[in-house]
Amino acid sequence: MAHKPDDDSQHAGAADDNAKNALSPQNVMGRLSAAFWKSVENSTTGKAPPTTEAPAMEATMASRKWRRNLFQAAQKNDVTTLRQLLQNKKEDINNTGGKGRTALHIAARANAHDAVQMLLENGADPLLRDKPDRGQGRTPLELAMGFSATESAVTLIEHGGYTSDIKNEMGWSVQHVAAEKGQAKVLKALSAIGVDMDARLPDGTTPLLLAVRYHRVGAAQALLDDRQAVLSLNTAFSTKDGHRRTAFQTAVARGLTEVVGKMLDVGALPAQPDVKGIVPLEIALHQGHVAMVDMLVRRGADVNVINAQGESMLSLAQRQQASHEEGKGYAENVRLLEKAGAAPQLGKQVSVMPRAPKGPRR
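One rule links them: number in our numbering = place in the sequence shown (from 1) + 27.
Think of the hints as simulated: they come from the structure by calculation, not from any bench. Please note: incorrect hints may appear among the correct ones.
Per label pair, the in silico range of CB-to-CB distance [stated by the list, open to error]:
(1) Glu196 <-> Gly124: 20 to 28 Å
(2) Gly294 <-> Arg95: 20 to 28 Å
(3) Leu258 <-> Glu285: 19 to 27 Å
(4) Asp230 <-> Gly124: 38 to 46 Å
(5) Asn261 <-> Lys126: 40 to 48 Å
(6) Glu118 <-> Asp252: 37 to 45 Å
(7) Glu285 <-> Gly150: 42 to 50 Å
(8) Leu258 <-> Asp152: 30 to 38 Å
(9) Thr190 <-> Lys366: 53 to 61 Å
(10) Arg254 <-> Arg91: 45 to 53 Å
(11) Lys303 <-> Arg362: 22 to 30 Å
(12) Glu196 <-> Asp152: 34 to 42 Å
(13) Arg362 <-> Glu185: 47 to 55 Å
(14) His351 <-> Gln102: 53 to 61 Å
Each computed DSS-like pair below joins lysine-lysine, with the alpha-carbon atoms no more than 27 Å apart [as the list claims (entries may be wrong)]:
(15) Lys92 <-> Lys103
(16) Lys212 <-> Lys194
(17) Lys208 <-> Lys267
(18) Lys158 <-> Lys117
Since the model is a prediction, treat every value here as computed from it, not as a measurement. C-beta atoms are modelled at their ideal positions from N, C-alpha and C, and glycine is treated no differently.
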């Protein structure tokens, strides 16, 4: 009787046959073809192949899209879109994008004031620094100052965005930068939170000195409303200035009549000479500035002072009148001095003893 193979042998033989068939060129090519056309179907229908990682990937993509839309709305000051995004947060509002900047950095740089306000009210951190390719990172306030975004800078200051260690690439404080740029609103906001408005650069320069040096009338007037800034009105000067002139003397030399008037109101000394013995009245006479001469004379300047060269103010004015064309103000200055009782060679000579340079205030 012929021997019949058992069931296991039959199964094993069938498995061998199946394995051989599966590895046959026809079956391998068939399976590859099916996989290819399935991928084509998924790409055209938008369906992703089933995988356990799909939900995580979808969440990541949604988060990135939300952040991108947040940045765009912040830059455009689109508060309607911004409000909708913040009501449906997908991630931390302080997450960063390119150059390590948050949405608040982007809004501050673009002076998107309303967006800055909304972001701060929703938890944006005003003290985070970005990550530039080189150099120290900048806070939103530094970016706002750098791009003259005054309104955004004020809002950031009011919401805790100022710290005393914020400096620009030249080592200037926020108050020095605001004075140089003429940002009176920023200076008032800083003063309101108690920032030292009489801070000194290494050469002794104060914000007020910068404001008058660069003809920033509004900024100078804002600083003169601050008690600290006024304290050094008659003493602070830059060691880089050969004349060692105070903010008041510099304002006279720049012809800033409105600023000089306010300085006199808060205690500026109208007859104090610079380190070379030149008094404010002489500075104004050299400039041929009639309105300035008139103000100084009316506010107590000594019209009979003798300068370092032994010349009276009237004699100086007469000499300038003789050597300059009419219409320059020199003739009017002679009349103003004569009306005030100035004599050609009467008066007390100004001391030219230099003041000892003061180092930066501590």
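Taking the hints in turn, this is what the structure says about them:
1. A C-beta distance of roughly 23 Å is found between glutamate 196 and glycine 124, which places it inside the suggested range of 20 to 28 Å.
2. A hinted range of 20 to 28 Å for the beta carbons of glycine 294 and arginine 95 is inconsistent with their spacing of about 56 Å.
3. Restraint check, leucine 258 to glutamate 285: a C-beta distance of roughly 21 Å satisfies the suggested window 19 to 27 Å.
4. For the hinted restraint 38 to 46 Å between aspartate 230 and glycine 124, the CB-CB distance of approximately 39 Å keeps it satisfied.
5. A hinted range of 40 to 48 Å for the beta carbons of asparagine 261 and lysine 126 is consistent with their spacing of about 45 Å.
6. Distance hint check for glutamate 118 and aspartate 252: the Cβ-Cβ separation is about 44 Å, which falls inside the suggested range of 37 to 45 Å.
7. Checked against the given bound of 42 to 50 Å, the beta carbons of glutamate 285 and glycine 150, roughly 43 Å apart, stay inside it.
8. Taken as a hint, the range 30 to 38 Å holds for the pair leucine 258 and aspartate 152, whose Cβ atoms sit roughly 35 Å apart.
9. A beta carbon spacing of about 54 Å between threonine 190 and lysine 366 agrees with the range 53 to 61 Å that was offered as a hint.
10. For the pair arginine 254 and arginine 91, the beta carbons lie near 51 Å from each other, so the given range of 45 to 53 Å is met.
11. As the Cβ distance of lysine 303 to arginine 362 is approximately 28 Å, the hint placing it in 22 to 30 Å holds.
12. At roughly 23 Å, the beta-carbon separation of glutamate 196 and aspartate 152 lies outside the given 34 to 42 Å, and the hint is violated.
13. Checked against the given bound of 47 to 55 Å, the beta carbons of arginine 362 and glutamate 185, roughly 51 Å apart, stay inside it.
14. The beta-carbon spacing between histidine 351 and glutamine 102, approximately 55 Å, falls within the hinted interval of 53 to 61 Å.
15. For a cut-off of 27 Å, the pair hint linking lysine 92 to lysine 103 stands: about 17 Å separates their Cα positions.
16. Of the pairs offered as hints, the one joining lysine 212 and lysine 194 holds, with about 19 Å between alpha carbons and a cut-off of 27 Å not exceeded.
17. This hinted pair checks out: lysine 208 and lysine 267 have alpha carbons roughly 20 Å apart, not beyond 27 Å.
18. Taking the CA atoms of lysine 158 and lysine 117, the gap is about 23 Å. The hint holds against a cut of 27 Å.
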